[in-house]
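*Asks:* Starting from the known structure of chain A, arrange chain B on it as the hints suggest.
Protein chains: 2
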Amino acid sequence: MITEEIKKRMIAIIGPENFDDSKVGRLCYSYDATPDLQALPDAVVSPRNTEEVSELVKICNENKIPIVPRGTGTNLCGGTCPTEGGIVFLFKHMNQILELDLDNLTMTVQPGVITLDVIKKAEANGLFYPPDPGSMKSSTIGGNISENSGGLRGLKYGVTRDYVMGLEIVMANGDIIRTGGKLAKDVAGYDLTRLYVGAEGTLGIITEAILKLVPIPETKKTILALYEDLEAAARTVSKIIANKIIPATLEFLDQPTIAAVEDYVKIGLPTEAKAVLLIEQDGSPEQVEKDMAKIADICRSEQAVSVQMAKTVEEAEALTTARRTALSAIARIKPTTILEDATVPRSEIAKMVKAINEIAEKYNLPICTFGHSGDGNLHPTVPTDARNKEEMERVEQAFEEIFIKAIELGGTITGEHGVGVVKAPYLELKLGKAGIAAMMAIKNGLDPNNIMNPGKVFAKDSRKRVVVGQ
Amino acid sequence: MITEEIKKRMIAIIGPENFDDSKVGRLCYSYDATPDLQALPDAVVSPRNTEEVSELVKICNENKIPIVPRGTGTNLCGGTCPTEGGIVFLFKHMNQILELDLDNLTMTVQPGVITLDVIKKAEANGLFYPPDPGSMKSSTIGGNISENSGGLRGLKYGVTRDYVMGLEIVMANGDIIRTGGKLAKDVAGYDLTRLYVGAEGTLGIITEAILKLVPIPETKKTILALYEDLEAAARTVSKIIANKIIPATLEFLDQPTIAAVEDYVKIGLPTEAKAVLLIEQDGSPEQVEKDMAKIADICRSEQAVSVQMAKTVEEAEALTTARRTALSAIARIKPTTILEDATVPRSEIAKMVKAINEIAEKYNLPICTFGHSGDGNLHPTVPTDARNKEEMERVEQAFEEIFIKAIELGGTITGEHGVGVVKAPYLELKLGKAGIAAMMAIKNGLDPNNIMNPGKVFAKDSRKRVVVGQ
Chain A
1 MITEEIKKRM
11 IAIIGPENFD
21 DSKVGRLCYS
31 YDATPDLQAL
41 PDAVVSPRNT
51 EEVSELVKIC
61 NENKIPIVPR
71 GTGTNLCGGT
81 CPTEGGIVFL
91 FKHMNQILEL
101 DLDNLTMTVQ
111 PGVITLDVIK
121 KAEANGLFYP
131 PDPGSMKSST
141 IGGNISENSG
151 GLRGLKYGVT
161 RDYVMGLEIV
171 MANGDIIRTG
181 GKLAKDVAGY
191 DLTRLYVGAE
201 GTLGIITEAI
211 LKLVPIPETK
221 KTILALYEDL
231 EAAARTVSKI
241 IANKIIPATL
251 EFLDQPTIAA
261 VEDYVKIGLP
271 TEAKAVLLIE
281 QDGSPEQVEK
291 DMAKIADICR
301 SEQAVSVQMA
311 KTVEEAEALT
321 TARRTALSAI
331 ARIKPTTILE
341 DATVPRSEIA
351 KMVKAINEIA
361 EKYNLPICTF
371 GHSGDGNLHP
381 TVPTDARNKE
391 EMERVEQAFE
401 EIFIKAIELG
411 GTITGEHGVG
421 VVKAPYLELK
431 LGKAGIAAMM
441 AIKNGLDPNN
451 IMNPGKVFAK
461 DSRKRVVVGQ
Chain B
1 MITEEIKKRM
11 IAIIGPENFD
21 DSKVGRLCYS
31 YDATPDLQAL
41 PDAVVSPRNT
51 EEVSELVKIC
61 NENKIPIVPR
71 GTGTNLCGGT
81 CPTEGGIVFL
91 FKHMNQILEL
101 DLDNLTMTVQ
111 PGVITLDVIK
121 KAEANGLFYP
131 PDPGSMKSST
141 IGGNISENSG
151 GLRGLKYGVT
161 RDYVMGLEIV
171 MANGDIIRTG
181 GKLAKDVAGY
191 DLTRLYVGAE
201 GTLGIITEAI
211 LKLVPIPETK
221 KTILALYEDL
231 EAAARTVSKI
241 IANKIIPATL
251 EFLDQPTIAA
261 VEDYVKIGLP
271 TEAKAVLLIE
281 QDGSPEQVEK
291 DMAKIADICR
301 SEQAVSVQMA
311 KTVEEAEALT
321 TARRTALSAI
331 ARIKPTTILE
341 DATVPRSEIA
351 KMVKAINEIA
361 EKYNLPICTF
371 GHSGDGNLHP
381 TVPTDARNKE
391 EMERVEQAFE
401 EIFIKAIELG
411 GTITGEHGVG
421 VVKAPYLELK
431 LGKAGIAAMM
441 AIKNGLDPNN
451 IMNPGKVFAK
461 DSRKRVVVGQ
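Protein chains in written order, with full-length UniProt numbering: chain A, 1 to 470; chain B, 1 to 470.
Isolated chain A (complex conformation) (with noise of 0.2 Å):
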């Protein structure tokens, strides 16, 4: 609880502008992107520097109270819902690119700039950053670190994690650490840099990052190849990788997504295929033509019914902002929209999207597939609506299976979303109770009085998707 005491001790810090405990100021706060859930902070709070940041938190810390930092809130796994109450801080006042280092080929910037300016910011300057969530139009790069957001180009260029190189960060007692630096190696101690990106915001909150930006590619080519066969598709991505190319994008889009998106963009996209995977390759022209060359021969020979590229940049670009609308576009069947990340090994694609008709016919739902499959990555989705509540159940149990089944393949119940208060339940699943136990330890080593981000991460107990404090 805040006591009156405590509200002046932050006033006193950041100004009464910046201390909102009013009942609309908590209830915009209460919710975040994710379907269903929502829960009232105490008071939200907005700090102009990292000082303030590290004041407040020394109050937070004194007094066990629960804090959730905040990017946009745009993170599907209920990660910034203040589901234990507690402070939501903001940081609309910590959001400058602070430096563009073209020597070093960094920038630094504060966690509430949004994703899509670095990226711009980088490519002004001929250079690329290429992480880039869904979200990115609207989500922040402390959120995308906090949750180290994956996105379409995540096969070739990695994700998040790859592209931060040094932070600062307050930890949970209000000290301020650096990490990393502008240094291509550093082993000067433990990794902790990476071990808080990702973090959820459960061991600190971070105020500033040195970001790793890269020469942008001097060109690319889009393919789009259509299959009457779910699988064809899948067993074309495995051959893609198997035969050592690495396309920077490679998407897969089943027939319920492609019928969705096109009903919302309609740019003709092929609304009969069963399957359509949309690729992307970068690079100096003589290897996109080359490796693009290959691509093509390769969907064919898995029974493509079509293989098209792109004519235009336009066009390239136009069938990128359909695949990227795919949320949105299934967003607008039902009220509810339940999408999830299983990742599996690429060789496995096959088999999990197999499982997940299998699954969806079972429970008698309508999942819509789509996802980053060159990342083994899928994203199946449910149009549901959360007032039902036997259908909600339903869409409980058939995402349990998913994400059962994709462990039994080698892989994760969550591949760039995060854990947050949705998925806590089934990370044991993936960990163990022995790898739990060893993120506990640090979990309690660097917040003993657990007040970053409570509640999320670690299971509390076999809770799922609920409507928690309204």
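Hints are computed from structural coordinates only; laboratory data are not their basis. It is possible that part of the hints are untrue.
Given that identical chains are not distinguished, each listed pair holds provided it fits within a single copy or across any two copies.
Keeping only pairs whose Cα atoms sit at most 30 Å apart, straight-line, the calculated BS3-like set for lysine-lysine is [said to hold, decoys possible]: (1) 362 / 220; (2) 266 / 212; (3) 354 / 212; (4) 389 / 290; (5) 239 / 121; (6) 351 / 244; (7) 433 / 212; (8) 23 / 239; (9) 7 / 294; (10) 121 / 351; (11) 220 / 294; (12) 212 / 362; (13) 220 / 239; (14) 212 / 351; (15) 58 / 460.
*Replies:* What follows is chain B alone, placed relative to chain A:
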């Protein structure tokens, strides 16, 4: 201390042939490649599988016996010197490549596999394992992972950390956990995989690893550029990167190093040049051609007195091999060789080289400097004699100044060799008290009895390089 009862229990697990507490056996493992550092273990064990490792660790944990996991001891930071006694764990029975997965481009290995065997196995299958530490002919992959080894290809391809996708780890309490998997994306829980990479054996024992492989580059070219001026060479390095070219290798050798190497390999290296850059680019033939032309132009624009492209694969190979002998070549000069790996942002290379030369002069020491200049990762090296206490004192002081200068330039005390015993007193320079406290919280959480490689990474006091417990 190892009591008779403990010895019996251990022998019951691994057999008498895999337990050695003879004076000779213990002497063999009382030191590693780090100069002037020695301490006797109480015993040396060679478990045959993960379960045996786990059983042995449980006994050590019960009895608070220090454990030193050891590959082939090629590290240069005293990381495998049993400074607090206890038991050295060898992995000579756990030295198999368990699987090469051509669909997922992964290799699953036991810790005792020699690094070069991983590289060769990959290459024989048209694949590439890029990390290539100087010791790769004799080092083990387990050691590489625990030290997060770098090498010549770090600039373009990253370090060991970037190629470890999953681990099997025996924790300090004997628990066996599995992290990661054959997964391009996985955010299920904290990134334990990368926490253990570079943890120097202080958090647990790595008993299996899934390595990421990439398609092998089609072709490679090598340039040797000679300079009359050290700083011009350093400026060339920055300029290449700032021109958005990332070469596969970008090595720097100063005159004393070139002279030592030529004296050793006798291939006609230009011993009069003040500095040499060895530059490799790989990729498609067109890309390599284009990049190398640009690189040659940049070298000339920075007053290189000669820019030569190797005419044959053999000639290129001879140059790289010569560079790889640098440490051995310098080691022939005097009985003791002290080599460090201070690392700075690439843009600061010129300043760092200049500072090293000034420090060498100040302390009247012959410092040979070579290293991975593209990474900002330099190896200032002093040929000396451990018996000359007065000179050794000056060596220590010189390196302390080098570390301080590196930090001042935004760098780190160790780019790829690890902290171990030797650099522990300097770690606080990089991380500050709060950073060390964060590491200590993790260490205490995961190894409460401090049995895992105790005395490493964390400084006890201000003691530096010393001969201990002979």
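*Asks:* Decide, hint by hint, whether the structure agrees.
*Replies:* Hint check results:
1. 362 / 220: This pair counts as neither: shortest intra-copy Cα distance 41 Å, inter-copy 54 Å.
2. 266 / 212: Close neither inside one copy (37 Å) nor across copies (40 Å); limit 30 Å.
3. 354 / 212: So residue 354 and residue 212 pass the 30 Å test across copies only (27 Å; inside, 38 Å).
4. 389 / 290: This pair counts as neither: shortest intra-copy Cα distance 52 Å, inter-copy 62 Å.
5. 239 / 121: This pair counts as between: shortest inter-copy Cα distance 21 Å, intra-copy 36 Å.
6. 351 / 244: So residue 351 and residue 244 pass the 30 Å test inside one copy only (21 Å; across, 41 Å).
7. 433 / 212: between (35 Å within a copy, 26 Å between copies)
8. 23 / 239: neither (55 Å within a copy, 56 Å between copies)
9. 7 / 294: neither (64 Å within a copy, 61 Å between copies)
10. 121 / 351: between (40 Å within a copy, 29 Å between copies)
11. 220 / 294: Answer is both; intra-copy 15 Å and inter-copy 22 Å each pass.
12. 212 / 362: neither (45 Å within a copy, 36 Å between copies)
13. 220 / 239: both (21 Å within a copy, 26 Å between copies)
14. 212 / 351: between (36 Å within a copy, 22 Å between copies)
15. 58 / 460: So residue 58 and residue 460 pass the 30 Å test inside a copy (26 Å) and across (29 Å) alike.
This entry does not satisfy hints 1, 2, 4, 8, 9, 12, going by the numbered hints stated previously.
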